[in-house]
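Colleague: So the protein lines, in turn, are chains A and B.
Under this note's numbering, the residue at position 80 of the first sequence is numbered 80, and the numbers go up by one with no gaps.
Under this note's numbering, the residue at position 63 of the second sequence is numbered 1063, and the numbers go up by one with no gaps.
Don't take every hint at face value.
Mimicking DSS-like on lysine-lysine, the simulated pairs with C-alpha atoms at most 30 Å apart in a straight line are [stated by the list, open to error]: (1) A:K48 x B:K1083; (2) B:K1176 x B:K1150; (3) B:K1176 x A:K48; (4) B:K1169 x B:K1083; (5) B:K1083 x B:K1176; (6) B:K1150 x B:K1169.
Sample of chain A residues lacking proximity to chain B, with all beta carbon distances greater than 12 Å (derived) [claimed, not checked]: (7) I4; (8) T6; (9) S9; (10) I26.
In short, the hints are calculated from the structure, not lab data.
Cβ atoms here follow ideal geometry from the backbone N, Cα and C, with glycine treated the same way.
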Amino acid sequence: MDSITTAASVVAAGLAVGLGAIGPGIGQGSAAQGAVEGIARQPEAEGKIRGTLLLSFAFMESLTIYGLVVALVLLFANPFAG
Amino acid sequence: MGFMPFVFPFAELEVGQHLYWQLGNLRLHGQVFLTSWIVIGALLALVVVGTRKMERDPRGVQNLLEFLWDYIRDLARTQIGEKAYRDWMPFIGTLFLFIFVSNWGGALVPWRLIHLPSGELGAPTADINTTVALALLVSLSYFYAGLSRKGLRYFEYYVHPTPIMLPFKIVEDFTKPLSLSFRLFGNILADELVVAVLVFLVPLVLPVPVMFLGLFTSAIQALIFATLAAYYIGEAVEEHH
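Extracted from the complex, chain B is given alone in its bound form:
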């Protein structure tokens, strides 16, 4: 995501230094790109390896992938509903896996060993630009889901129980991406900060349980992001009677 202080004030929200790449008028946060490419590469490699020689009785990586597929399908089906979940399962699954691997990659891989000219590598989701982009994607998709499935009848949703709900539902469209992005960004950044502060104060033993807590919250946040995305899409495609 670009760095445009006047157009997009969220991009100013930074902690620490960044590795800036200049692309035309845009200043890009290079370290976020590097780590996201690594995450995307790792996921692609996993999927390609797991589906190379598929067997009837899944073993190894294929077994893991089938487990993940089941997990994501259950998540999507409970939130979106039996009718529409197939269309949105790839989206929900991609969100979940990308956020999960980003969070855990940021916590588990010793990025500090790689020195950059400025800034440091870390979880891509600890940068507000990544999370805002993901949250806006979710917003676009639930509008698209509702409009493509129900046409203009989608807007009945805004006045559904009573027309009094109209202003609240409109405000909700703005608070949904805001809370989605801030929740993920804040949690991941808070984890990294707490670990960094503890390592600074007591470099031995004490940070380890906090790191495990961080891994746990990171996994939960990935699940929450995917669940909420699915829930918003489910809300948009739901039929009122």
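So that you can see chain A by itself, here it is in the shape it has in the complex:
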């Protein structure tokens, strides 16, 4: 692998995870806000709200994980490495 490809792959791997974390971060924040408001309004529904919240967190988190998969491909299984 020549140095330009290496440098570009490493930068792109960093960007893939970093940029991919922005959206799910915002999403998880607003989901947690909604859950806290729901619990404050109706404390007896806490168990149900927690379950749904965790499940939806996992969905949001998987978006960042896609970025991580791309980063891992670039770092460990780079298709452009000659």
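Let chain A serve as the given structure and place chain B on it in line with the hints.
Modeller: Coordinates of chain B only, in the frame set by chain A:
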């Protein structure tokens, strides 16, 4: 799963070394097979022990199995619906238990004590080939579920609210297995990598909370995989009016 770089590009996606077994033209990832066989053996042993002497008042392992059965039945019934869930409960339950035990086995069993010539043992689900195989099984089953229950009327689903949805629904058939497999693979691999990096940096105490977080995410991922599989099957067998 085989290693076929030209036919199946996903198989090239590897982190680290593997224990290769040569079988004809195929190169197999031996460590994945070993750990999956251990997982399958453990599950079989649990089920055989739990159903050996069944009693009217469940105790011990039988109690655990009945709890699991209830849990999986509720999962399948809420996602697939009252009419069709019985046919698909074994499939959903197998997926859930295999993924769950694989994830936790990879995190809890000290595999590093067993030395292999190359590569290392770990969760089978941290290999993309395993997760792609599971996700493609889910794809096949929801097509089979829809076609066997509704015949060719299954394809009404593609134009259901309006025909404008057709291209999106076709693309969805491809993105479903892609996201299912990448989600599971990425989460489990990320857990293993984070723990490995932390152990490398600070070998004491600090990795422990991260390991617990990893156990938690692993369990959630198993639940999500099973829930989504059930949801896709439920979507295929649902009757439109």
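Colleague: So, for every hint listed, does it hold in this structure?
Modeller: Now for the hints, and whether the structure bears them out:
1. For a cut-off of 30 Å, the pair hint linking K48 of chain A to K1083 of chain B stands: about 25 Å separates their Cα positions.
2. The suggested pairing of K1176 of chain B with K1150 of chain B holds, with an alpha-carbon distance near 21 Å, which does not exceed 30 Å.
3. For the given pair, K1176 of chain B sits about 27 Å from K48 of chain A by alpha-carbon distance, which is consistent with the 30 Å threshold.
4. Taking the CA atoms of K1169 of chain B and K1083 of chain B, the gap is near 24 Å; set against the 30 Å cutoff, the hint holds.
5. This hinted pair checks out: K1083 of chain B and K1176 of chain B have alpha carbons roughly 24 Å apart, not beyond 30 Å.
6. For the given pair, K1150 of chain B sits about 18 Å from K1169 of chain B by alpha-carbon distance, which is consistent with the 30 Å threshold.
7. Every beta carbon of chain B lies more than 12 Å from that of I4 of chain A, the smallest distance being close to 22 Å; the non-interface claim holds.
8. For T6 of chain A, the shortest C-beta to C-beta distance to chain B comes to about 17 Å, beyond the 12 Å cut-off, and the non-interface label holds.
9. Distance to chain B confirms S9 of chain A as a non-interface residue, since its nearest Cβ pair spans about 14 Å, more than 12 Å.
10. Even its closest Cβ contact with chain B, about 20 Å, leaves I26 of chain A beyond 12 Å, as expected for a residue assigned away from the interface.
Taken one by one, the earlier hints all hold for this structure without exception.
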